[in-house]
Structure formats: structure tokens, C-alpha cells
Amino acid sequence: MAQTTTKNAQIDADDIMISMKGVNKWFGSFHVLRDINLTVYKGERIVICGPSGSGKSTLIRCLNRLEEHQAGDITVQGITLNNDLKNIDEIRREVGMVFQHFNLFPHLSILENCTLAPIWVRRMPKAKAEEIAMHYLERVKIPEQALKYPGQLSGGQQQRVAIARALCMEPKLMLFDEPTSALDPEMIKEVLDTMVGLAEDGMSMICVTHEMGFARKVANRVIFMDEGQIIEEKDPESFFNNPENDRTKLFLSQILDH
Amino acid sequence: MLPPPATEAGITGWLWHNIFESMADFHSPLAAMRSLFMILFSLVLVYVFGTQIYGLLDFAIFSAVFSDPDGVKREACWTVQQGGSLPDGWHAACWPFVVAKQKFALFGPFPSEELWRVYLALVAGAAGLAWVMIERLPFRRQAGFLMLTVYPLATFILLTGGNIEVAMTRVAIWFVFGLALISVGRLGNAGRLGTVVNEFAGSFAGVGWLVVAFSTVAAIAAFDFNLEPVDTGDWGGLLITLVVAVTGIVASLPLGIILALGRRSDMPVISVLCTIFIEFWRGVPLITVLFMASVMLPLFLPAGVNFDNLLRALIGVMLFSAAYMAEVVRGGLQAIDKGQYEGADAVGLSYWQKMRLIILPQALTHVIPGIVNTFIGLFKDTTLVSIVGIFDLLGAGQSAIADAAWSTPVQAITMYLYVGIIFFVFCFGMSRYSIYMENKLSKSRRH
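Chains as they are written, first to last, in the working numbering: chain A, 446 to 703; chain B, 40 to 486.
Take these hints with a grain of salt, some might be off.
[Stated by the list, open to error] Below are the PhoX-like pairs computed for lysine-lysine, each with C-alpha atoms no more than 20 Å apart in a straight line:
id, chain 1, residue 1, chain 2, residue 2
1, A, Lys-531, B, Lys-393
2, A, Lys-593, A, Lys-571
3, A, Lys-662, A, Lys-679
4, A, Lys-571, B, Lys-393
5, A, Lys-662, A, Lys-487
6, A, Lys-466, A, Lys-487
7, A, Lys-617, A, Lys-634
8, B, Lys-479, A, Lys-593
9, A, Lys-466, A, Lys-662
Hints listed in this document are in silico derivations from the structure and should not be mistaken for laboratory results.
Use the sequences and the hints to build the structure in full.
Written out as C-alpha cells, the structure is:
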């Protein structure tokens, strides 16, 4: 706790969205996350990149307890993430997540996908939940699909629905876990445009992605991870133009010049 | 647009694709041989099935005796040689025998003057079931709720006569105790009783509602409706088959779901207990279970404690089929992608919300064929209760056969045909409804 308070003494503690201190995680004997220290402030947009297996997905999945960390402290919005189910539920209400494979509920219509959590978790009346759902479906530009089922939509449309579903809970923070990796090339743009729109509205976001154009355009900070560690953490300009670490340089050369 | 060729559309198209296409190729010696073989094979099949079906229809309808106008009983179905009037070599169904034994086969020794109660329960059950299954009708959810709550209680009272022996004061005490638990829950929820009670307020209220519901049911069952009591030993025939099968079917699904969820639980104690339960019941034959329930169990109970033979068999069948159902449901749960669990977790649903709203609807849809398969198996397995002296449809039919007044060579086979038809109608109905459900769900949820 001491080092963060001194480092950001000028910033009010209320502005901290997430703080991770000394977080470690193992899958069996495999050390996935090593000593992660990360502070995210409100309204920040962070892009995490790195080679596969570097622990970047695991890192953001620890933030809403889809994965459990074994050592260190994670605080989201001032709530400590531990085994207390109440804290976990509270955090999940405030943190939206978008997955690589969308994870829409195939047996529910698009509208039902969006209203389910507000109705059951936020105890919102159905009419109000539907109003909010239509608002966000309009925002991701597919209100006309509301009564269809996920299986009838294209991949890009499904991912936009997944974003709308997360937004319907009116979260304070959005986590994106490789949201464009499972999409056809021509559908990537529609999803990225939606995400850029969100970023422009001031949503706090943490995105695991390889879309470097997106990182350049919207990120406040780019984080490079390898072997479970945060290796480099910079603003996009200096990250892409003068990376310091050799591993970062190699990664960037492979991902940018092909 | 051109019209399709004759081989692609209409009845000719159908006939061509399904029958003649495979026997019309004579372009090479090999193809010609294949076609000839198909022709011969088809003719043999048509002949075999034709004669079999004709034989059955001839036995059941064309040559059958339908009436016994003179009331001569067995002599109505006797050939000349046997002393009757039918031609020698006659061999067909003797339906007057089934008509005469109709009441016994369907309801066993149930008192005739009280049969209106059975009819009422059956008609109400059929009407309620139809209401729940036909989709155009309004209030289906409410109808389903009534069918699962009020209907079983009403049927119990109608069939047994109600008026069970329970000390009313005890029921009243339980009722008040339940109300007290509910109020504790309410107060706890409002935060008046401190944090510890607040934490468990939901459980207090839940248990309270259960206690209130149970004592209400007990009070209603103990109420004297002025119905003649009918001992379950006087039930029989189709009535027993339906009571055992419906109770088993209705109880096995929820029990099976809970066991399946328990077996997949993260909590080792629950998982191990559920696994042991399931493997135990799957490891013993139903006959053993029924024997244990009706013969062995009384030996272990203290003297004087005795409960109904039918009830014991019912519980045995219920637990047995729940174990099978649990494995079917578990198969469905395993087919659900991990992403569905994560998607539900990420939006903040609780465990039970996640299961009820996301996982189970998909898992159960996947395993409808397996579920209905278990239902059909259970329906037919009810015939085993005759081994512990409870006379189901088959058992009642068999004891009707023993009646010498109808003794003819075709007596047994006619009764078995009748029993077989009844079983087939019920099982085929379940099978068709399951196919209808599968089609409906796959249409609305294309994925």
C-alpha cells in the first residue's frame, strides 16, 4: 500500500478503479501471474498485449473472479476481492465483460440476453430493463435484431450484442478479453468502432487485444506482458515508437511488419 | 422458371426417390444385379410384413368375437369341437372377455360405487395435462402450478378418502412454528435482529414457508370430507400403473436435477454424497428395491410402525428413477460450454439463477430424448410392482385370465393384446410429444 500512495499522492483515492498489489497466480504448478502490480484510474483506457500464454487473459479474468488469485491483493472500486461471495457479486455488478467467443445465451432472444441480468441481478422492472436494453442495442446499432436469437446473427453482430449486454448493467468498468480474435476480418471493424465509441464516452476499459491500431487510437496506457509479468507499461506513443525492452521490440516487430 | 422434372416433385417424386430409384439401374451387369436384389428384397419384406400385419388385424378385428348377446361367457368363444358354435380352427380375439373384465383390469378391486372418484381424478388430470401441453391456451404457467400442487393433494383425497390420522393439535403447533420462522425471517431481513440473523434471514423464511405448506397439506389431508375410505390394497390395474408411473415421473425429474447438480458441485461432501446415492440406486435391480421396500423394511422398523405398502413401493420407484434421471441430466450439463457459465458469472447471476436461467434450460433441451426414454422405461417398469403384491395393469390382467368362467384357448392372448395396446398408447404418446418438443425448441433456437 505504501508505494502506491506515495507514487500517486496527488490523486484522490476515490479515483482509483482497480489496484492490484503483488498478485500471483498458479495453474497447478504453472506460475501464470508473477507479482503483478497495477493501478487503474477512473476513465482510463488500458490495452494489454503480449504473446499467447503470457497471462494477459488470466489477469483480467482475475479482476471479476472468473479466476482466483492465490497471493496478493486486488481491490476493485474500493471492494476487496476475496472469497466473500457478497464482494464478488458486488464487483461483478459493476464490471462488465466481453469475451472472445461472445458467450451469448443461445436459448434467449437478443433482447432477453440484454434484460436478464438487470431484471434478476438489479431487480429492475421488466419494462425499464427493456427500455435500457433497446437504448444500448441502438447504441451498438442493431436494435432491429432485438427479437432474433444469437444463432441468427453474424459474429460481429453477436459481439456487439455482447457489448450491449454488458452495458445494460451500466458498469463502471468494461473488460474486453480478445473481443475481435474470433471474428472474420471484415467484421472486426464494426466491433472496434463500437469500442472506440465507448472509449470516447469516457468508459473505463481494460482490453486484451492485438489490434494495435485500436491501442494507438484510444489507449491511455499500453501494457506489455510476457511469462506472467508486466514487462513494459507506457503511453501508446512511446510504446510503439521507442520500446525499451528487447522482448517488446521483438513482439512489436512480429506483429507490425507482416 | 421451369417446372421440376416428374422425378423431383409430388407423389411421383416421392415414390421415385424412396422406392424405385434404387431398383431401376440396369446400365451395367453389377448395377442390374443390385437392382434385382433390391426388387426381390423389397418383395420379401412386403410379403413378410403384409402377412404379419394381416394376421394381427385378422386376430384382433376380422375374425374376432365382439359380443356375447346371450351371456354365455366362455361358450361365446368356443369352437364347435370345444362345444360352442364357432367353426373349427377358429383362433381370434375374444373381446367380450375383456369387456367383462374391463373394470377389474382398469381399477382392480376398487369399490364400484366409489369409482366416480377415480373418474373425476383421471378426467381432471387429463384436462390439466392437456392445458399445460397445448400452447395456445392462456395461463399455462398457472395451470402447471396447480397441477403440481393442488392436483396431487386433491387426487390423494379423492382416491384414499382423505381423513388421515394426524393429531390436529400437532399440525396446529407446526403451523404456528412455521409462521414464527417466517416472521423471524422478515424481521431479520429488516435488520432488526442483528447481523447473524440477517445473514440467514432467507433460510429462516424459506424453512418457515415449507413448514407452513406441509402443515397446511397435512391439515387438508386430515380433514373429513365425508368420503368412504378406500384402502390402497383395493387399488389396482391401470390406476396403479398411472399412480406409480406419474409419481415416479413427476418426482424423478426435480430429484434427478438436484442430484446431477450435486454430483457436479465444487463442494466435495455434496458431490461424494450425491455420487454414492446415484451409484447405489443404479447398482441394484428395481426388483430388489421393491422387495427390500415391502418385505425387508418392515423387519427393520420398530414393531407397530407400519406404513402403506404402495407408499413404500412408490418411494422405491421414485428414488430408483431419480438416480437414472440424474445421469441423463448430468450428460446434458456436460454438453454446456464453459463460456455459458462464465457469461452468466460475469453479469453477476448467483449460482441458482445461473443454473435455472442459463444452464438447465439448455442442458435439459439437449437431453429431451434421454429424459423421455427414462420416462418410458419407468412407465413400463411399473409392471414390476406386481412382484410385491400390488396389482398393476399387467398383474390385474393376469389375475383376470385365471377366471374359469371365461376359460378359452384365446383368453390369455386377448388380455395380453389389450394390455399391450394400452401400454403402447401411453408410451407412443410420450414419444411423439418428445419429438414435437424437440422440433419446437430447435426451430425457435436455431444455433
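Check: CA of Lys-466/A to CA of Lys-662/A, is that 20 Å or under?
Finding: violated (28 Å)
Between the alpha carbons of Lys-662/A and Lys-679/A, is the straight-line distance 20 Å or under?
holds (14 Å)
Quiz prompt | Restraint check for Lys-479/B with Lys-593/A, where alpha carbons must lie at most 20 Å apart | solution = The hint holds at about 16 Å.
query = Is Lys-662/A close enough to Lys-487/A, meaning Cα to Cα at most 20 Å?
reply = It holds: about 18 Å lies between the C-alpha atoms, which stays within 20 Å.
- Message: Just to be careful, I want the Cα atoms of Lys-531/A and Lys-393/B compared with a cutoff of 20 Å; is the pair within it?
- Response: holds (16 Å)
When you check the alpha-carbon spacing of Lys-466/A and Lys-487/A, does it fall within 20 Å? holds (18 Å)
_Distance restraint between Lys-571/A and Lys-393/B, which requires alpha-carbon spacing of 20 Å or less_ = holds (18 Å)
- Task: Take the C-alpha atoms of Lys-593/A and Lys-571/A, compute the straight-line distance between them, and say whether it is at most 20 Å.
- Result: Holds: Lys-593/A and Lys-571/A sit about 18 Å apart, inside 20 Å.
query: Does Lys-617/A pair with Lys-634/A here, judged by a C-alpha cut-off of 20 Å?
result: violated (24 Å)
The structure fails hints 7, 9 (numbered hints given earlier, in ascending order).
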